[in-house]
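Got chain A sorted already, so can you dock chain B onto it with the hints?
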Amino acid sequence: MWALVQPWYGGRLDEGWRGRSAEEAQAILDGIGLTGEFWRLV
Amino acid sequence: MSALEALDWAVRTRVYRGFAETGRAPEVARIAADLGSTEHRVRAGLTRLFDAHEVAVHEDGSVWMANPFSAVPTDYPVRTPHMSCWANCAWDALGVPAILGTDGWTRTRCAESGAELDFGVEGGALVGDDAVIHLLTPLRDAWVDIGFT
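Heads up: the protein sequence lines correspond to chains A and B, in order.
Just so we're on the same page, our numbering is the position in the first sequence counted from 1, plus 35.
Just so we're on the same page, our numbering is the position in the second sequence counted from 1, plus 870.
No lab work stands behind these hints, which were simulated from the structure alone.
Backbone N, C-alpha and C fix where the C-beta goes; we use that ideal spot for every residue, glycine too.
Output of the computed footprint for chain B on chain A, the stretches with three or more beta carbons under 8 Å from beta carbons of chain B:
#1 43 to 49
#2 64 to 74
If you anchor each label on the Cβ, the simulated ranges turn out as follows:
#3 A/Asp65 with B/Gly971: 20 to 28 Å
#4 A/Gly71 with B/Glu897: 36 to 44 Å
#5 A/Trp52 with B/Ile1003: 19 to 27 Å
#6 A/Gly68 with B/Gly906: 42 to 50 Å
#7 A/Gly68 with B/Gly931: 38 to 46 Å
Which residues of chain B face chain A? A partial, calculated answer using Cβ under 8 Å:
#8 Trp879
#9 Ala922
#10 Leu964
#11 Gly965
#12 Val991
#13 Leu1009
Isolated chain A (complex conformation):
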């Protein structure tokens, strides 16, 4: 879970945060091996 949480919340305090697309979020999930249907965003 820690491996997910770090990239998931990284950068969200930045003043320049402008949201994250579904594709970008999916890349985080895929990158740590969360590839099942439960984790599909796109």
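Same frame as chain A, but now just chain B:
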């Protein structure tokens, strides 16, 4: 994401900064004063931020959640070196030290067994009791009912 206006993003930044610095959500009036805006415009911005899944708001227009932070008490209190706050769930209890880049500790109870659990992050690594986080809502549906999620 681009549907949000500059003021909306400024409101979001102010909400997150308030949580990060104090552990509590800033009031709408405070946000408006800090940004040189009006409560009406801030509330409208918060509504748009809710629609964009950036901030959750109560029916009265006040801030409810800016994930991982919660404006209301939850079963997941988080202590950090400089403040204490509430997280929305077990995932977010780890999200607080992640977003802050600090240590953070949570004492709660297992939702299934009721056993006490202490866990957190120290020096960038997980510490404390082993546990399983049971997520009920598929991620794509997280904002259908963010309170349940």
